[in-house]
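Visitor: Sequence:
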Amino acid sequence: MTFIIRGVSKVMTVSHRNNHEHASGHVGVADKRRRPPSGSLAHARQRKRDGEAPRPSLLAATHARRMSVAGKDHWQGGITRSSGSTPFLPWLRDRGSLTARIQSRGRFAVRVLRQRRCQPTADEAQALGLAPVALAWVREVALSCDERIVVFAHTVLPCQPRGPLTRWLARLGTRSLGALLFAHVGFSRGPMKFRRLDQRHALFAPAVKALQFSGPPPRTLWARRSQFGFGAQSVLVTEVFSPVLLAPAPSAAAPAGGVGSLRRDYGFSQSALEG
Numbered sequence: 001m002t003f004i005i006r007g008v009s010k011v012m013t014v015s016h017r018n019n020h021e022h023a024s025g026h027v028g029v030a031d032k033r034r035r036p037p038s039g040s041l042a043h044a045r046q047r048k049r050d051g052e053a054p055r056p057s058l059l060a061a062t063h064a065r066r067m068s069v070a071g072k073d074h075w076q077g078g079i080t081r082s083s084g085s086t087p088f089l090p091w092l093r094d095r096g097s098l099t100a101r102i103q104s105r106g107r108f109a110v111r112v113l114r115q116r117r118c119q120p121t122a123d124e125a126q127a128l129g130l131a132p133v134a135l136a137w138v139r140e141v142a143l144s145c146d147e148r149i150v151v152f153a154h155t156v157l158p159c160q161p162r163g164p165l166t167r168w169l170a171r172l173g174t175r176s177l178g179a180l181l182f183a184h185v186g187f188s189r190g191p192m193k194f195r196r197l198d199q200r201h202a203l204f205a206p207a208v209k210a211l212q213f214s215g216p217p218p219r220t221l222w223a224r225r226s227q228f229g230f231g232a233q234s235v236l237v238t239e240v241f242s243p244v245l246l247a248p249a250p251s252a253a254a255p256a257g258g259v260g261s262l263r264r265d266y267g268f269s270q271s272a273l274e275g
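Just so it is clear: in the sequence shown, position 27 is 27 by the numbering used here, and no numbers are missing.
Treat the hints as calculated values from the structure; they're not laboratory data. Just so you know, these numbers come straight off a predicted model, no measurement behind them. Backbone N, C-alpha and C define an ideal beta-carbon position, used for all residues, glycine too. Check before you lean on any hint, since a few could be wrong.
[Claimed, not checked] Below are the DMTMM-like pairs computed for lysine to aspartate or glutamate, each with C-alpha atoms no more than 25 Å apart in a straight line:
(1) Lys193 <-> Glu147
(2) Lys193 <-> Asp123
(3) Lys193 <-> Glu239
(4) Lys209 <-> Asp146
(5) Lys209 <-> Asp198
(6) Lys193 <-> Asp50
(7) Lys209 <-> Asp123
(8) Lys209 <-> Glu147
[Unchecked claim] Taking CB as the label site, the calculated pair distances span:
(9) Arg167 <-> Arg81: 38 to 48 Å
(10) Asp50 <-> Pro216: 46 to 56 Å
(11) Gly84 <-> Gly186: 22 to 32 Å
(12) Gln126 <-> Arg219: 19 to 29 Å
(13) Asp50 <-> Thr121: 39 to 49 Å
(14) Pro216 <-> Leu135: 13 to 23 Å
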């Protein structure tokens, strides 16, 4: 009888001690090992499982901190001189035809790198409102001026819905997409977005390969993108700029042709999409 009482007393003493520790905010060594770091989302889930009240302010601060780190290199709707883009600003902000602007500097040429049906990148699918597994027509070209590659262009056209733009893109060949986008009044252009691409982005490696740097490539490349709408179809165009574009042209610039020259050079007409 005495042994049982002592055992019960010992159990009651331990139980009382644990209750006192929880009430006073102190947790045992075993509990500390099981608990995730304070302030983490895992810690918040653990508190919820334990029936403890959440800490909204702490969770909000943690989420905001993570988003600021993850989003600092995302596509931005604006660009300033303080972002280190000063040399490229005239090119990045120009809403006119990039093809026409390069043509005004020298001999312009397009080299098709690939054109096939595949899955776009995650941020492209999000921008176009596509499901993660949706397919799109992807066209990549290198734009050159006086035989120097200056721009890597990446175009994404969703496979659905099909329409005139699908047929025209299939027949584009070595002609510039600017011949279509800026010579046909039926297109509308959305806002431009900008970012610096680095090795973490899916387009950085193909851009570096396409731009063919003679020495070590830059760690980052400036890019812009915008969405063009034509009826029920939308096409997303990303342009990655080479630092070579900032160097003086080796030959005299050709006369500025503008959109009119695009129509003449490529035989484009307003009815081209209906054919």
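Visitor: Work down the list of hints and note, for each, if the structure agrees.
Guide: Status of each hint after checking the structure:
no. : hint                          : in the structure
1   : Lys193 <-> Glu147             : violated, 28 Å
2   : Lys193 <-> Asp123             : holds, 12 Å
3   : Lys193 <-> Glu239             : holds, 11 Å
4   : Lys209 <-> Asp146             : holds, 19 Å
5   : Lys209 <-> Asp198             : holds, 13 Å
6   : Lys193 <-> Asp50              : violated, 45 Å
7   : Lys209 <-> Asp123             : holds, 21 Å
8   : Lys209 <-> Glu147             : holds, 16 Å
9   : Arg167 <-> Arg81: 38 to 48 Å  : holds, 42 Å
10  : Asp50 <-> Pro216: 46 to 56 Å  : holds, 53 Å
11  : Gly84 <-> Gly186: 22 to 32 Å  : violated, 37 Å
12  : Gln126 <-> Arg219: 19 to 29 Å : holds, 25 Å
13  : Asp50 <-> Thr121: 39 to 49 Å  : holds, 40 Å
14  : Pro216 <-> Leu135: 13 to 23 Å : violated, 35 Å
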